[in-house]
Structures are given as C-alpha cells and as structure tokens.
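Keeping the supplied structure of chain A fixed, place chain B upon it in accordance with the hints.
Number of protein chains: 2
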Amino acid sequence: MENLNRIRNENLHNRVVSAEEAASWIQDGMTLGLSGFTRAGDAKAVPLALVERAKTDPLKVNLFTGASLGCDIDKLFAENNMIIKRLPFQADASMRKKINKGEFYFYDQHLSHTSEMLRSGTLPAIDIAILEALAITEDGMIIPTTSTGNNLAFAQSAKSIIVEINMTQPELLEGVHDLYAPGKQGERGPVPIMKPQDRIGVKGIQVDPERIRGIVFTEIPDSPSTIFEPDEETNMIAQHLITFLRKEVESGRLTNSLAPLQSGIGSVANAVLSGMVNSEFENLTVYSEVLQDAVFELLDAGKVDFASCCSITLSAPMMEKVFNNMEKYRDRLIMRPQEISNLPEVIRRMGLIAMNTALEFDIYGNVNSTHVSGTHMMNGIGGSGDFARNSRISIFVTKSIAKDGAISSIVPMVSHVDHTEHDVQVVATEQGYADLRGLAPRERAMLIIENCAHPMYKEQLRAYYEEALTRGGQTPHVLEKALSWHTNYAQKGTMLEEKYQNA
Amino acid sequence: MENLNRIRNENLHNRVVSAEEAASWIQDGMTLGLSGFTRAGDAKAVPLALVERAKTDPLKVNLFTGASLGCDIDKLFAENNMIIKRLPFQADASMRKKINKGEFYFYDQHLSHTSEMLRSGTLPAIDIAILEALAITEDGMIIPTTSTGNNLAFAQSAKSIIVEINMTQPELLEGVHDLYAPGKQGERGPVPIMKPQDRIGVKGIQVDPERIRGIVFTEIPDSPSTIFEPDEETNMIAQHLITFLRKEVESGRLTNSLAPLQSGIGSVANAVLSGMVNSEFENLTVYSEVLQDAVFELLDAGKVDFASCCSITLSAPMMEKVFNNMEKYRDRLIMRPQEISNLPEVIRRMGLIAMNTALEFDIYGNVNSTHVSGTHMMNGIGGSGDFARNSRISIFVTKSIAKDGAISSIVPMVSHVDHTEHDVQVVATEQGYADLRGLAPRERAMLIIENCAHPMYKEQLRAYYEEALTRGGQTPHVLEKALSWHTNYAQKGTMLEEKYQNA
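Listed in order, the protein sequences are those of chains A and B.
With my numbering, the residue at position 63 of the first sequence is 77, and numbering never jumps.
With my numbering, the residue at position 179 of the second sequence is 193, and numbering never jumps.
The following block holds chain A by itself, in its conformation from the complex (with noise of 0.2 Å):
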C-alpha cells in the first residue's frame, strides 16, 4: 500500500484504521480537539464518519478547533445535534443559527488564547485529538498540512490521537511549519521572534508514538474558500487606505516596505490587499493568521518577501495554482501555532500594522465585529483582538451601508463591543478613512461622520450627534436613542429615519 510511505515510522503501519474505527472510539460527553483553521487542515474522515454514526447512535461533544471547519463539519455536527460546547470560532450558517436559538453553547476567544488555556487546566483536557496530518516520520513527528491552529496544544493536551494522513494536501509543505510551545506562564522565557522569517520550532509535532491510537487514510480535499473578488467599494477602501499609509511614509513613520502586515479573514480585508499590488510599496513581509488569495497575488507581484501565518484558505482557482507549484512559494512561507501567530508579545514587538474587519463602527470608534443587532452572533472574534490591541496601527474597514442602505455601518453606539475605543486606530470605509491616533472623543465624531459615513446617513448622524453634546460629556450620548438606529431597523426594516428618506 503506497500510502504506507507516508508512516515512516513502521512501529505505527498496524494503527491504520478505518475511519469508522476511529469515529468509534469517541464516545458521548467526550473533548475532541480537531485541527483545522478558517477551512484549511481540517481533520475530515473522522468528523464525517462520526456524524453518519451519529444518526443511529446519538452523541454530544465539545468540538474545540483551531478556527471554522470545512467540508460541512461544523454544519453537520450542529444539525446533527452533536456539540455540548463549541470553541473558539465559527462561520457556518447552520451552526450560528443553532447557537442563536440557544441549543447549544459557543464560547467565543481570541485565538490566541485557547493553547494557554489548555496548558493552564483552566478549559477542559482534550480526549481526543483528531489532526490532519502530510506524514509521520521516522521518530513520530506529525506533520501538519495546509494549517497549524492549536495542533500542537492539542496533541500535548489530549489522553490519545487520531491521525488523518490527507493524501491530497501538496507534499511540498513539509518544512514550511514551526512548531513551537512557549512554556506554561511564569516558567517561560521570550518567543525569541524578531521578524516574520524567524524559525523558532521545529518541521512537526513530536509525541509519544504509543499515544498515536490510530491513523486514517483520507483523499478529501480542502474546501476552498468562496470567491473574494473585489469589487468597486472594497477597491475604494483599499485606495484610502493606501493613501493613509503613504501619509505615514511621507510623515517618515514608516518606509516604503511599511511593517509586517496582518489582515483578516473577508472579502474586503483581501481586497485592501489585493490593492496593494499596483502600488510603490514594496519588499513587504506579512505576518498574520490566513493567507488569502491576495497575499499570494502579492508574492507572484513580488510585492511581498515572506509571509507567516497559521493557515492558507485559497479559492479553487488559486488553490491549483498555489499546491501545484509549492516550489515557487515554500522558502518564503511560514506556518506557525495560532498562540505564536496571534501572540500579543510578538504582534508588539514588530509593531504590525492590522487590518480587520467591522460589522459596525459607532461615532467614536468603538467597533462591533461579532453581533448582528447586538445579540445575534455572526462568525467570532477571531483573532481580531489579539491583532488589533497589539499592532503599532490597528485598522478597521468596511463598507458604510449595508442591506441597499437600510443598514448604516456607522451608528450612534455600537450595539457590541469587541473592540474599545483604546484599541481602534483607523477606521475606513468606501467613502474614506478617520485617523483617530492621539485624538478624544469629540475630535473622533465628527471626523467619523464626514469622512466615513454613506452621504445618505450623514445628516442623521450629525443630529444625533448635536443632540448628544447637549447633554455633555467626554462621550457625548442621548443615552434613550443610542441604540434607537439598531431598534428602528428591527421594527421598520432600515436605520434610515422618515424626515431624511427624502433627503
């Protein structure tokens, strides 16, 4: 069997399983720790296997991940009725209505956190791991595939492992991961990274052998992510944003190759990017969670020197070009655990410059990332914060109207906070950006409302803003109406009050 050469240990050839064999093991109530980040290096056999054993013999687990799973997991575990407590992050549609409705809970984490969890004791041990690997060599180490995540965390905090050899994941990634534990807290030293080239660990996950219960053969692709073709509002967000960080090179703030990037996971963040491969910057390094599409436009455009991230989600069409040409890109990539790509020490230290995405801003920048109407959650967090409370510029971007305009982007009062004021540099949107570094409160507002705000919600965001300084303040509130736009769109299905429908 040629798949065999993918074990080189040949103490571990009697483990191979079926994947019905291993979906056996997992048993009701259990902690499973599946790898897996935003769709890409997701265990896949396993899941799927247990969820057909599911039908006919009903079970509940923990589902703790790196970030969203691929291959309908999430969607089938959740209606299937198989999760207690899900963690840390989520993008499925099935799954975020089930949590929704409350049928079961979802714990929602900066992704930097959930490893230092684990090693602390203070979130449940993990049963079992189940972890995608390319290979395990000679002395057991497991190689991960197309995403590190919390793998690591996980084979050091589970009793056994389930090892899922992804026969279609491309080869050439073995020795682009580095794999690396900082200590428990208080018994540790510096994570010893200076610049996003910086190998730190080593090429695998190195366990016990004997604690490797069983190995899977499987031949399910990655999904690729859904296509982020720019389009004329995220070209304009881009185009200010560029603007906004050429200011900074005029200013000699930064140089032309600006700071080690990080941008989310969305179609507007790969579109700032996208937009940056007809500009002068250049010689840029990346240092973030997921590669999309556009940070590989950026290394074909040869914008882009080296980029480190824990997870590559392509589409389909860059998917075949990227996996079958890993010889082109495997010396200037880096695959590290979600803790160190999103660790707040480093973040700091290189001083990044960080590009999320909002669902909503208000008036004084505090952002909204998670919350649909403030309760009903969309994705997660992410690692949005670990990002942005860090970087030497945290940005956030979106379009200003959302809904044909029903929705405006920008409010009175978010109706959730993921994102303070404090942590909130930049904020930009396809009408322009607001460089709110070093100003208060009331410098904010109004830079908000003319530079940020759709045309159609300025004049109402202008009265509500007048209204509020009547009642003082460092952030001036009418406390009644503040999140009146959020109550009106509920009741009337827009934000857009009657007396400015005509304006």
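It is worth saying that the hints were derived from the structure and are not from the lab.
As the structure is a computational prediction, the values presented were derived from the model and not from experiment.
Warning: the hint list may mix true and false statements.
Copies of the same chain look alike in the list, so a pair counts if it works inside one copy or between any two.
Stated by the list, open to error - BS3-like cross-link-like pairs, simulated, lysine-lysine; straight-line CA separation at most 25 Å:
1. Lys506 x Lys74
2. Lys209 x Lys198
3. Lys99 x Lys261
4. Lys209 x Lys495
5. Lys74 x Lys89
6. Lys495 x Lys111
7. Lys112 x Lys472
8. Lys173 x Lys217
9. Lys198 x Lys417
10. Lys342 x Lys209
11. Lys317 x Lys74
12. Lys413 x Lys513
13. Lys198 x Lys317
14. Lys495 x Lys115
15. Lys261 x Lys198
16. Lys317 x Lys261
17. Lys495 x Lys506
Same frame as chain A, but now just chain B:
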C-alpha cells in the same frame, strides 16, 4: 548651598534657576511631558509657578504625564484654562468636570501606549519635559523619585528638560529604579523580564547634560493618597477572591505563592490585597503599576517577597513609615517605566493575576471602568486594559450597588465598554464571585445575577434576562430596554423599577 550636592555633575551647577524662571520658558501651544503617576513623583514647583504665571499671562499647553498628578496641579491647570489636550489619565474632580463639559480634550489611553506612540512619532514630540528627581549623577543621569512613569520617554522625546530636585523625597530610592527603553517597533528584541525581580536597565535616565536646560530645587512633598480603609463590603470582596484563589490552588492550577499580582488603584483593590495579610498564601510577588498601602502591609507581614511597580502612592501615615525606613524595603522593590510595568509581553509571559475595579459590569461580563452613565468620564482606563487582556486571570471587582441602592453595578448592558466579554474572566462583588472562564454568554448571565448582584436587584435582572431569552441570540438582549436602567436612573433617580421597590 548644600542642595548642590545633589547635582553631582558640577558642570550643571550653573543651571540652577527659580521655578518662576523655568516656567517662563514655556510658551503657549507647547507640549509638556511631566513626571508623575497617581500623585507620586510629580513635577511640582515649575507647574505651580506656571499656574501663577497663567493668571496674568494666559497660555494653553498639551499636558502629558504618567498618570494623575498630586498637589492639585490637574485641578489648577483645569480651573485656569491652561489645557489644550490632557493624556493619558487624570483623577481630579475639577478637571473631570471641565473634560465632561468639553472645555478641553482628554485622550484616555492604555498607560503602556503613550511611550510607544511618542517613540514612533504618532503623538506630538515633547517640547519641554519637567521631571522630578532625587539627584543628577556625575555623568548626567537623572534619578527619579516616587514614580518612574513616562519619564524616560519624555526625556528622550523632549527638546529640552527641566529637572526638579525634590529634597523631601527619600534618598534611599536611588538604585531602586530600573530604566529600560525598548527600541522602536520592528527594530527591537524581547524585553527580558522573566520574574518581578529581574533588573534589565540602569538606575536613572541617561541624557546628554546639554539638554538639561534648568534645575529647580523644591521641598514640596508628594500628595498622600486619600485613606483607603477597608469597609465591610470590601472585606467581603477580598474574602470571595481569596476563596476563588484557594480553589485555584486546590485544583493544582496555582501554588500557594499564586502568580505575580497586579492590583489597580482605589480602595476596593487595596482592600483585596489587604485581605491577603491573613490568608495562607505566602512568598507572593507583585508586578503592578502603583503600589498602595496594602503592598507594604504585605511586605511587613512577610507575605510578599518582592514588588515591581512604576509608582508608590501611599497614605500620609504609611508614607512616613515607609519613606523613613527605606532601608527595610529597598532590596525588595523595583520601579520601572510604565510601558514596562504594563507591557503585554511581560504580563502574559509571567501570567499575572490582575485585579481591577469596575464602575459597572453587565450580565454577560462586559466592564465599564471609565464612563458614568456611558457619557461622563470618571478617571480613565489607566492600566486596566494592559493587564486584563494579557493576564493569566483577569478579575474585576466592584460593590454591587452604589448611591444607597439607587444604582446597581450589575446591569443588563454596560453603558460604555472598556473591557469586553473576551477579556473579563472573574467578576466579584461583596455578594460573591462568578468565574466566567470558558463560559458562553448564556452560561454567564445567571451565574453573574445569582452570585454577584445585590438581592434588591436580582428579580429585576432575572426578568430582563428572561425577556431577552425570548428574543434569542448568542448574547440575548431586549435592545430597546438594554440601557433603560441608566435612563431610569437619570430620569427617576433610581434604577429600581417601581414594581420591585417593595419586594
């Protein structure tokens, strides 16, 4: 002149001037960087002389400091309309009033951020730094007094420096400070602190003596802190937290020496530390911003082995005791710049236990530390954000009610968010504590209501939460009522609804 012994570099003897002369160098529109952190080690003579001058010769300046000032300087600057912008923290009633009227700008910052933003050129450079000192050494090193604050960053940024040598400050503080400046972001290595005891810098601020424009002698003492006597409620909060920490020890997650402690400023936080004097915990260490009375009680009781800080702010009796017996304490103290005492890198590496004070928190664990009724500034976020986000355990404390019960400190939705649900792990009042680690919002709500709310508000909170559940969501809310507790208080003088008033 005996004072001249304090200027050990004889070339600088001719720089001695009166406070009035030094104050005359300050021009309208300048940015001043003043030493001073929560009343300790603040420049006094020159600012007070500037206040006198401003009465007949009006001028306005940007006033940057470490944190709040003593000697009524914040009050006098505010009342005499001398401020364009104030940052990063204040705690004065008159200043607060003017800020809330919008008479000048207040930029409320994470206290670790000011130095970084000066170094990167994101904040305006300092025109004149005015730094209190014990002495100037032979080679021109400025030895700070009872706070280190932003002194080093101000000295590095300033066009010129005025030194105030304060003859009343304890000379034995020389050697206690540890001045260290990280390089610029992207050009620096790790900050190599692994435990509170680690010294990484030098004992004073090294500057080119040519940049010292003037030296002023003063004998104005630090303003003592107002007395923070523990009361019944703060003692109960302390006991609840000791119970929580005891359980952490029993679970094996901590030892009896816990982890380095951080405690925010104020009477509640001070009482919590005081409460540890009679606990079983021992060989404690402190890695905090301000040392208040309680840390010296713990040092005296042999409970704390070592304390690192950026400021020492004591009551009058404790000041007399400590500063007249510095030889007893000096080997167990280090004073660092506030960007080092508050550095995310070090806080996370050591895994601090952070205890900070909330104005209010909500049923989902979001914390408001700064804004009364969501609009009016109290003091500022201070270092609480630096610590809460990066600690091993992030704790927030408050009394469950204020104003004789007219205000519940536990509300459906906080009116301003300084610490998001992602950064708050334990909340405590005199009623009890809620351990929120690993819990989803729906799990947190009933725990907070049952464990922490005052009995007079429990029924009303439960009713809110039950109605919210009918609306659904990850974080259920009745959005149109979410801030009604605050508006009711504004309109009716109490948050307690009529139907619960006779319960």
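**Study point:** Copy assignment of Lys506 with Lys74, given that the CA separation must stay at most 25 Å
**Key:** neither (40 Å within a copy, 49 Å between copies)
Practice item. Could you place Lys198 and Lys317 in one of the four classes (within, between, both, neither) given a Cα distance threshold of 25 Å? Key: Result: close only across copies, 24 Å inter versus 38 Å intra.
Review point. For Lys495 vs Lys506, is the C-alpha pair at or below 25 Å within one copy, between two copies, both, or neither?
Key: Both: 15 Å inside a copy, 17 Å across copies.
Practice item. Pop the pair Lys495 and Lys111 into one bin, within, between, both or neither, using alpha-carbon distances up to 25 Å. Key: Between copies only: 24 Å across chains, 29 Å inside a chain, cut-off 25 Å.
Review point. Between the shortest in-copy and the shortest cross-copy C-alpha distance, which are at most 25 Å for Lys209 and Lys495: within, between, both, or neither?
Key: neither (47 Å within a copy, 49 Å between copies)
Exercise for review: Could you place Lys413 and Lys513 in one of the four classes (within, between, both, neither) given a Cα distance threshold of 25 Å?
Suggested key: Classified as within; 24 Å inside a copy, 44 Å across copies.
Practice item. Please work out whether the CA atoms of Lys74 and Lys89 approach to 25 Å or closer within one copy, between two copies, in both situations, or in neither? Key: within (14 Å within a copy, 61 Å between copies)
Point to revise | Same-copy or cross-copy closeness of Lys261 to Lys198 [CA-CA at most 25 Å] | key: between (42 Å within a copy, 19 Å between copies)
Review point. With identical chains treated as interchangeable, where does the CA-CA distance between Lys209 and Lys198 reach 25 Å or less: within a copy, between copies, both, or neither?
Key: Intra 23 Å, inter 13 Å, cutoff 25 Å: intra and inter.
**Study point:** Status of Lys217 relative to Lys173 across identical chains (alpha carbons, at most 25 Å)
**Key:** within (22 Å within a copy, 50 Å between copies)
Review point. Is it within, between, both, or neither for Lys317 and Lys74, if the alpha carbons may be no more than 25 Å apart?
Key: The answer is neither: 47 Å in one copy and 46 Å across copies each exceed 25 Å.
Review point. Is it within, between, both, or neither for Lys495 and Lys115, if the alpha carbons may be no more than 25 Å apart?
Key: between (27 Å within a copy, 20 Å between copies)
When held up to the earlier numbered hints, the structure conflicts with 1, 4, 7, 9 and 11 and fits the remainder.
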